[in-house]
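Asker: Here are the chains, one letter per residue:
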Amino acid sequence: MIRQTLPLIAIAALAACSAPAGPSKVTVADLWCRAAPVGAPAGGCYVTLTASANDRLVAVETTAADHGEIHTMEMDGGVMRMRPLKDGIDLPAGEAVALKPGGMHLMIIAPKATLAAGGSVPLTLRFAKAEPLTLSAPIRQVGAAMGGMEHH
Amino acid sequence: MRRRILWLAVLVSWVAVGGLALYVTNSPPKLQPATLGGPFALTDMTGRPVTEASLLGKPTAIFFGFTYCPEVCPTTLTELTAAMKALGKDADRLNVVFVSVDPERDTPEQMRLYLSNFDRRIVGYTGTPEAIARAAKAYRVYYKKIPTEGGDYTVDHSSAVYLFDRKGRFVAPIGYGEPHARVVEALRNLARTG
Ligand SMILES: [Cu+2]
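Chains as they are written, first to last, in numbering that gives the first Met the number 0: chain P, 0 to 151; chain S, 0 to 193.
Simulated from the structure, these hints should not be mistaken for lab results. Each hint should be verified, as a subset may be incorrect.
[Said to hold, decoys possible] Dumping the calculated DSSO-like pairs for lysine-lysine here, alpha-carbon to alpha-carbon at most 27 Å: (1) P:LYS85 - S:LYS143; (2) S:LYS144 - P:LYS111; (3) P:LYS99 - S:LYS144; (4) P:LYS85 - P:LYS99; (5) S:LYS57 - S:LYS166; (6) P:LYS111 - P:LYS85; (7) P:LYS99 - S:LYS143; (8) P:LYS128 - P:LYS99; (9) P:LYS85 - S:LYS144; (10) P:LYS24 - P:LYS99; (11) S:LYS57 - S:LYS136; (12) P:LYS128 - P:LYS24; (13) S:LYS136 - S:LYS84; (14) S:LYS57 - S:LYS84; (15) P:LYS99 - P:LYS111.
[Unchecked claim] Every beta carbon over 10 Å from chain S, so not counted as near; a handful from chain P, in silico: (16) GLY42; (17) GLY93; (18) GLY117; (19) GLY118.
All of these numbers come straight from a predicted model, not from anything done at the bench. Beta carbons are placed, not taken as given, at the ideal position from N, Cα and C, and that holds for glycine.
Chain P extracted, bound-state conformation:
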């Protein structure tokens, strides 16, 4: 009995590895959320994504907040502008796309609890092609330096 099922399990495991559901696979690095002040109605999270084939980050979801959005932010002549990226973020094959302070971010709106350093935020990243990824983003306190340059 055992002798018969083992190879089957092995084949199933092999199939799971070699034949992913989507045509692309996205790898994740530097995932974290910024600690937010008590009472902050929104928080920012950051991540670096690399897709194996051309893909697109289309949505972010979290159970820790009302909802998530994908935003860009820029400083333009001293003016802070933030915009939701309705079409998500393009992930060209093999290219590391960094969401980092001062630029693109995942914004979680109406967190259910304070985003305190040391905690974590569950995030589900949805892609146009790759399977969604559910991850836990550690919450980090960023220092006093202005401009978010303290995170490298």
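Use these hints to put chain S with the ligand onto chain P, whose structure you have.
Answerer: Frame of chain P; chain S with the ligand shown alone:
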């Protein structure tokens, strides 16, 4: 030779003044940076009315933002908190004010809760949308409500901290992202001489 130096000085000051006006208003240069600031009628975190006169007698560091802001505003408040700590008692000589450009969401209670995270000497002002618009105009602060999906919105806004002396005269801006040492120096200077 002397005339050439004089002309150079005139040119340099014109460029500096024009650059400053451009910087603080994000609109075509107006060569009157000294007129920055002016009358306003807002509400503090306890719901009490405040005006430009409330700030006189102490030098003031003031900036405009909103509590929905995930990066620029909390970073600026964190920086100001750290700088005030570095200043020690000198920080008591300053008004440090955070004015909301999102009065619909930033009620006095929300401002109080949000600012409870930072140096307790930092005060929050809010008001009616009309009152905020008038204050922003006086301070030549650019802000704009940008609708997003689902009836939501975000607010573009100027990010600099503006420094005023005890008589309400504009001194200088501190730009977003300036080094901590420069922020401490600017605030210390303001506290001691402004
Ligand atoms: Cu955002």
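Asker: The structure should be examined with respect to each hint, and the outcome stated for every one.
Answerer: Verification of the hints:
Annotation: proposed proximity of LYS85 (chain P) to LYS143 (chain S) holds, straight-line Cα distance about 20 Å (limit 27 Å). Taking the CA atoms of LYS144 (chain S) and LYS111 (chain P), the gap is about 25 Å. The hint holds against a cut of 27 Å. Simply put, LYS99 (chain P) and LYS144 (chain S) have alpha-carbon atoms about 24 Å apart, close enough for the 27 Å limit, and the pair holds. A distance of roughly 18 Å separates the Cα atoms of LYS85 (chain P) and LYS99 (chain P); the hinted pair therefore holds under the 27 Å criterion.
For the proposed pair LYS57 (chain S) and LYS166 (chain S), the alpha carbon gap of about 8 Å is at most 27 Å, so the pair holds. Simply put, LYS111 (chain P) and LYS85 (chain P) have alpha-carbon atoms about 24 Å apart, close enough for the 27 Å limit, and the pair holds. Note on LYS99 (chain P) and LYS143 (chain S): the hinted pairing holds, with a Cα-Cα distance of about 24 Å set against a maximum of 27 Å. About 23 Å separates the Cα atoms of LYS128 (chain P) and LYS99 (chain P), which keeps this hinted pair within 27 Å; it holds.
For the hint pairing LYS85 (chain P) with LYS144 (chain S), the CA-to-CA distance comes to about 18 Å; that is within 27 Å, so the pair holds. Simply put, LYS24 (chain P) and LYS99 (chain P) have alpha-carbon atoms about 21 Å apart, close enough for the 27 Å limit, and the pair holds. Proposed proximity of LYS57 (chain S) and LYS136 (chain S) is supported: the alpha carbons are some 22 Å apart, at most 27 Å. Of the pairs offered as hints, the one joining LYS128 (chain P) and LYS24 (chain P) holds, with about 8 Å between alpha carbons and a cut-off of 27 Å not exceeded.
A hinted pair counts as satisfied when its Cα atoms are at most 27 Å apart, and LYS136 (chain S) with LYS84 (chain S) does not qualify at roughly 31 Å. At most 27 Å may separate the alpha-carbon atoms for a hinted pair to count; LYS57 (chain S) and LYS84 (chain S) meet this at roughly 18 Å. Using a Cα cut-off of 27 Å, the hinted pair LYS99 (chain P) and LYS111 (chain P) holds, with the two alpha carbons roughly 23 Å apart. Non-interface status of GLY42 (chain P) relative to chain S is broken: a Cβ of that chain comes within 10 Å, the nearest being about 6 Å off.
Even its closest Cβ contact with chain S, about 29 Å, leaves GLY93 (chain P) beyond 10 Å, as expected for a residue assigned away from the interface. Every beta carbon of chain S lies more than 10 Å from that of GLY117 (chain P), the smallest distance being close to 16 Å; the non-interface claim holds. No Cβ of chain S approaches the Cβ of GLY118 (chain P) within 10 Å, the least distance being about 15 Å, so the stated non-interface status holds.
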